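Trainee: In case you want the letters, here they are:
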Amino acid sequence: MMKHLFFSLAFLILNINFVQSQNFFGLLNDGKHTISAGLNANPNLNANADYFLGFDNQGKYIERYGFVAQVNCPIFSQKGFDFDFRVGAGALIAFSDKFKSIAGLSWNISRSKDLNGRYVHSGFKIDLLPGYYGNKWVFAPHVSLYYQPWVNIKHSEYAINTFQDLYPNGNGQFIAPKDGWFYQNNITLQTGISVAYYQPNWHLILAAGFQHQPNRLGLIALPDIGIMPFYGGLNFGYKIFGDQ
Amino acid sequence: MKLLFILTAFLLLGCQKIDEIGVLVPPTVDQDPNLPSVSVNVAGRQRLIHVRTFGSESNPPLFILHGSFTDTRPYRNICESLSDKYYVVIWDQRGCGLSERISEDEFTLESAVEEINAMKAIYAPNQKVTIIGQSWGGGLATLYTSKNPEKVEQLLLIEPMPLTCDDMQKLYKTIVQFRYDNGSWNNMARHGQAISPRDHEQIDYRAMMILRSTMTAGYHCDGNNPPPWQVHRVGGFLEYVRNKRLGNPMSGFTYNFTQGIQNYTDTVRILGGSCSSLGYEMQLYYSKPHFPNAEVVEIKDAGHRMNMEKFDEVMVAIKSFLKEY
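Taken in order, these protein sequences are the chains called A and B. Using the working numbering, you'd call the opening residue of the first sequence number 1 and step up by one each time. Using the working numbering, you'd call the opening residue of the second sequence number 1 and step up by one each time.
Just so you know, the hints here were simulated from the structure itself, not pulled from any lab data. Note that the structure is predicted; figures quoted are calculated from it, not measured. Take these hints with a grain of salt, some might be off.
Said to hold, decoys possible - With a straight-line cut-off of 35 Å between C-alpha atoms, the simulated DSBU-like cross-links for lysine-lysine are:
#: 1; chain 1: A; residue 1: 79; chain 2: B; residue 2: 17
#: 2; chain 1: A; residue 1: 154; chain 2: B; residue 2: 300
#: 3; chain 1: A; residue 1: 178; chain 2: B; residue 2: 170
#: 4; chain 1: A; residue 1: 79; chain 2: B; residue 2: 244
#: 5; chain 1: A; residue 1: 178; chain 2: A; residue 2: 154
#: 6; chain 1: B; residue 1: 300; chain 2: A; residue 2: 178
#: 7; chain 1: B; residue 1: 288; chain 2: A; residue 2: 154
#: 8; chain 1: B; residue 1: 300; chain 2: B; residue 2: 173
#: 9; chain 1: A; residue 1: 79; chain 2: B; residue 2: 173
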């Protein structure tokens with residue numbers, strides 16, 4: 001009972017995940033089915049729930065592999081039903097006994113809404129965590145590339161009204177921002193460090209790092225409008241069932 | 001697989017690029033030649049400025065300097081009201097509104113003053129000019145007067161930002177209320193996941209949200225429902241550069257708009273709303289002492305956007321000060 005309570009609480013409180021990152025750390029555990037839920041920040045705060053389906057391949061170059069599904073929902077900025085749904089595949093690659101890497105590729109479809117409009121956006125993310133993988137501890141740098149080329153925009157009344165009667169002399173062409181599907185070079189790079197402690201049934205991860213969205217202006221941070229170059233988190237995962 | 005490839009190619013090639021002109025924010029004067037503009041040489045670069053004038057050229061000149069995260073558009077009502085006695089000149093400062101965007105090295109406090117001189121050379125070359133400045137524009141008007149007291153006929157400030165770095169350091173927390181659980185801020189932070197801040201248009205578009213952000217709730221009587229404030233375009237990148245020039249609360253602010261203001265001995269009128277964190281009380285205790293002669297007028301039941309909330313009262317306070325009325 002106490003064990004169940006402990007893990008239930010830990011489940012809810014400690015599972016602060018990498019944002020825009022799937023919980024590939026289920027690869028460290030023995031179970032076939034690992035679930036997790038918690039909070040993540042990027043830098044805005046989200047709640048997430050993950051499911052990881054893992055398969056063992058002991059003794060091989062790819063020691064373990066699996067598939068992940070994740071739903072992220074913003075906490076303080078929820079407007080309507082905002083979500084970020086991701087599916088992906090990951091593998092634990094063994095270069096030697098202790099030098100290994102988690103590698104993951106995922107696809108997302110996301111819906112978000114803010115004062116300016118409603119956005120549906122989609123793209124791909126690659127995560128790499130090469131480093132020391134001991135029997136209980138992992139120390140690994142985290143590198144990721146997140147590319148979201150497609151976005152559909154439906155502008156809000158606010159965005160449209162802001163530009164109403166823009167030209168009192170009638171000499172300009174702009175009426176309102178455009179709705180529809182657009183292509184963009186939306187790239188997010190993350191680089192940081194991860195420390196994990198794991199047991200066969202559970203794992204705990206601490207991570208911190210820098211993130212940057214490359215731009216033509218050399219802009220690193222503009223906190224006034226939420227551009228911050230940091231990410232980080234604490235993640236807890238637990239094998240629910242499915243011994244292999 | 002083939003279908004996926006075709007679908008991907010269609011989506012990549014068939015969609016309009018988000019940073020094309022006119023997708024998110026209006027074209028600037030260099031992108032739409034139908035818009036009224038003048039060309040000025042500031043900081044060694046020739047740039048187009050979106051400008052509008054009100055009233056007869058034979059009237060005394062009056063410049064209005066707009067605030068940060070905005071442009072000239074919300075001041076149109078003041079311009080029209082003063083156009084019977086003044087030749088009102090108002091322009092989107094370089095990098096803001098419909099004026100041409102500028103590079104980082106072109107904006108300094110010195111070049112902001114140079115810009116006013118460039119506009120004066122066009123619209124009031126041989127006359128003193130009356131200046132009204134609001135918020136950042138109030139700070140800039142003070143800086144201009146400090147540097148050029150002989151060129152200023154009258155100076156009226158509408159809730160100027162803190163005029164020195166020391167004042168700003170003391171007041172910052174009352175002006176910008178940053179909390180991690182602030183919904184507006186979280187929205188803006190999350191916006192980058194949908195639309196990358198890759199170029200000017202995307203940053204301008206995101207910065208537009210701050211006009212209704214509850215982060216600046218202290219500016220308004222009803223912080224959750226600030227008065228409407230329509231703009232041409234928020235110059236997001238310009239705000240970024242200006243923040244760099246002014247400093248920040250972590251490493252410290254670095255500016256002083258009042259060095260030399262002792263040489264301007266005419267009375268300066270400052271308007272402050274009763275609701276705003278930059279309102280009457282703040283102006284009385286922080287801004288007024290910097291001037292040899294200044295008076296502070298309170299606009300009751302008004303915040304930082306007082307010309308939208310209490311237009312009649314604001315115009316009474318302005319006109320009762322201006323010499324031509």
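Trainee: Quickly compare the C-alpha distance for residue 300 of chain B and residue 173 of chain B to 35 Å and report which way the hint goes.
Mentor: Satisfied, since the Cα-Cα distance of roughly 23 Å is no more than 35 Å.
Trainee: Holds or violated: residue 178 of chain A and residue 170 of chain B, Cα atoms, limit 35 Å.
Mentor: Violated, because 42 Å separates the two Cα atoms, which is more than 35 Å.
Trainee: CA of residue 178 of chain A to CA of residue 154 of chain A, is that 35 Å or under?
Mentor: holds (8 Å)
Trainee: Taken at face value, is the distance from the CA of residue 300 of chain B to the CA of residue 154 of chain A at most 35 Å?
Mentor: Violated - the C-alpha atoms of residue 300 of chain B and residue 154 of chain A are around 39 Å apart, more than 35 Å.
Trainee: Is it true that the CA of residue 288 of chain B sits at most 35 Å from the CA of residue 154 of chain A?
Mentor: Roughly 47 Å between the alpha carbons, so the hint for residue 288 of chain B and residue 154 of chain A is violated.
Trainee: Take the C-alpha atoms of residue 79 of chain A and residue 17 of chain B, compute the straight-line distance between them, and say whether it is at most 35 Å.
Mentor: Holds. Residue 79 of chain A to residue 17 of chain B sits at ~26 Å (cutoff 35 Å).
Trainee: Next pair to validate is residue 79 of chain A with residue 173 of chain B; report whether the Cα-Cα distance is within 35 Å.
Mentor: The hint holds at about 27 Å.
Trainee: Is the Cα-Cα distance between residue 79 of chain A and residue 244 of chain B 35 Å or less?
Mentor: Holds, at about 32 Å.
Trainee: Between residue 300 of chain B and residue 178 of chain A, is the straight-line Cα distance small enough, at 35 Å or below?
Mentor: Judged against 35 Å, a Cα distance of about 40 Å means the pair is violated.
This entry does not satisfy hints 2, 3, 6 and 7, going by the numbered hints stated previously.
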